[in-house]
Amino acid sequence: MSLLLIEIIIMVGTIIYGLMKGGALGSGVSAIVALFIMLFIFKLPPSSPPVTAVLIIMSIGIASGALQASGGMDYMIRVATKIIQKFPKAITIVAPLVCFLFVFGMGTAMIALSLEPIISETALKSKVNPKGALISSVLASNMALLCSPASSSTAYVVTLLAAYGISLATYLTIALPATLLSIIILSILLSLANKKLPFDESILEDMIIEEEETDLAPAAKKSTIVFLLCVLSIIVLGLFPSLLPEYNVDGDPVRIATADLVQMFMYLSAAINIMLFRVKSKDILHAPATANALGASLIVLGLGWVGSTIFSAPKNQAVLVSSVGQILADYPWVIIFICSFVAMIIGAQTAVAAIIFPLALTLGISPMLLIIIVQCLNVNFVIPAQPTLLLAVELDRTGRTKVFSFIIPGIIITALSIALSYGITLFM
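With UniProt numbering, letter number 421 in the sequence shown gets 421, and the count goes up by one each step, no holes.
For the record, the hints were derived by calculation from the structure and aren't laboratory data.
Owing to the predicted nature of the structure, the values given are computational and were not obtained by experimental measurement.
Check the hints yourself; a few may be wrong.
[To be verified] Using C-beta positions, here's what the derived DEER-type ranges look like: (1) Ile412 to Asp283: 37 to 43 angstroms; (2) Thr398 to Tyr164: 36 to 42 angstroms; (3) Ala193 to Thr362: 41 to 47 angstroms; (4) Pro387 to Thr362: 52 to 58 angstroms; (5) Ala217 to Trp333: 46 to 52 angstroms; (6) Val254 to Ala90: 47 to 53 angstroms.
[What the hints assert, rightly or not] When the alpha-carbon atoms are kept at most 25 angstroms apart in a straight line, the in silico DSS-like pairs for lysine-lysine are as follows: (7) Lys280 to Lys82; (8) Lys195 to Lys402; (9) Lys195 to Lys89; (10) Lys222 to Lys282; (11) Lys196 to Lys21; (12) Lys43 to Lys86; (13) Lys221 to Lys282; (14) Lys82 to Lys125; (15) Lys315 to Lys125; (16) Lys222 to Lys127; (17) Lys125 to Lys86; (18) Lys221 to Lys280; (19) Lys43 to Lys402; (20) Lys280 to Lys222; (21) Lys127 to Lys82; (22) Lys127 to Lys402; (23) Lys125 to Lys221; (24) Lys86 to Lys196.
Glycine included, each C-beta is placed from N, C-alpha and C at the ideal position.
Taking the hints into account, I'd like the entire structure generated from these sequences.
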C-alpha cells in the first residue's frame, strides 16, 4: 500500500507542478515524466495510451479552430449578447441559460469569457446587482461542457464509458436535463437573493459607453451554421443509432462507433470551412481553440496513460481491491467526495476524469453512477484559479462578487445535478 501511495504522490505532484509551470500543456508533458518514472524506476508494466480519446479531442479542436478562424465564434458572441440585452431585468436567469446554450453548442467556455463583460454591464444598466448573474453564468458555462458532444471532457467520458455499453444517447439523456434543471433552479434562487441586495446607483456614473460593433468576417454566419449542424447530427445519430448505416462484418451487423462519428463530423465541419469558405489552414492552427485542444489532448494522453499504468498494474490492483475497493463496494457514493477533492486540486475536467474514472471503473463503480456524479468534475470553484471565475470577480463594479462567492452556489448546483441525475435513472 505504501508503494502505491508513493506512486500516486509522484503522479499528482508532477501533474500539479506541470499545471503551475505550463498550464494544460505543462500538465500533460509532466505526466509523461511520471510515466517514465513508473516504467523505469518502479518497473510497472506499461498500459495502452488513450489514443481514441486523443483523436476525438484533436478533431474537436480543429473544428473549433476553423469556426474561430472564420469569425463564427464572434458571430455567436454577438447573437448571445443581443439575447442577454433583450431581457435585462431577468438577467440572473437569462444569462446563465444563454451561456449554457452557447457553450453547449460550441463546446468551449471561451465564449463565456467574452459574455461576462456584457452580463455585468447589462445588469448594472438595469439596476440589477450583477453578482447572481455572474456566479450562475460561470457555473452554467462549466457545467455545459460536460453535456456538449463538441467538448473534450464529454468526448473523453463518453469514449471511456462506451467500453461498458454506455452510449452517447444514455449519457445525454441523464446529464443534459439534470444539468439544465439544476442551472434553472440555482438561477431562480440567486435571482430571489439578488432582490434583497441594495443597489448603489452611484456606480452608473462611471459606466463606460458601449463601443460600436465591428464587422464580422463574410463566412462567419455560414461557418456557425455548418458547425452547429454537425454537432446536431452527432446528437441526433447518437440518440437514434438506427439512423446510421449498417454494415455486414463477418456475418455480424455493425454500425459506426460514436467515437468515429464525432471525429467524422468535426473534420467535415473543418473541411467545409477550408474548401468552401476559404479559411486558411494556418489561421486554424493558430486559433486559441486549436491550442486549447492540443493542451486537452496532452492532458488525456499523459494523465490517462500514467494513471492507467499505475492503477492497472496487477500488484496495485490487488492492493486497491482489498482496501479502497471494499469501501466503494459498501459505500459507492464515496466516489463523489473523491472526485470532488481531486477536481478541487487539479481544476481541469478532462484531467480529473482521466485520473478518477478509469480507477473507479476498475474498482467496480457502476458506469451509470459515474454519469450521475459527472458534474463533480466541475468542483473547481473552491480554489479560485479558473479564468471565468476570476474575470467575474474583476468585472463586478459593486464589489459583491468575491473569489469565494462561488463555493456555496457551486455546492448547491452540483448537489442538485447529482440528485436530478439519480432521479432520471430511476425511470430508465
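*asked:* To test your reading of the hints: which numbers does this structure violate?
replied: Numbers 2, 4, 7, 11, 12, 15, 16, 19, 23 - these are the hints that the structure violates, sorted from lowest upward.
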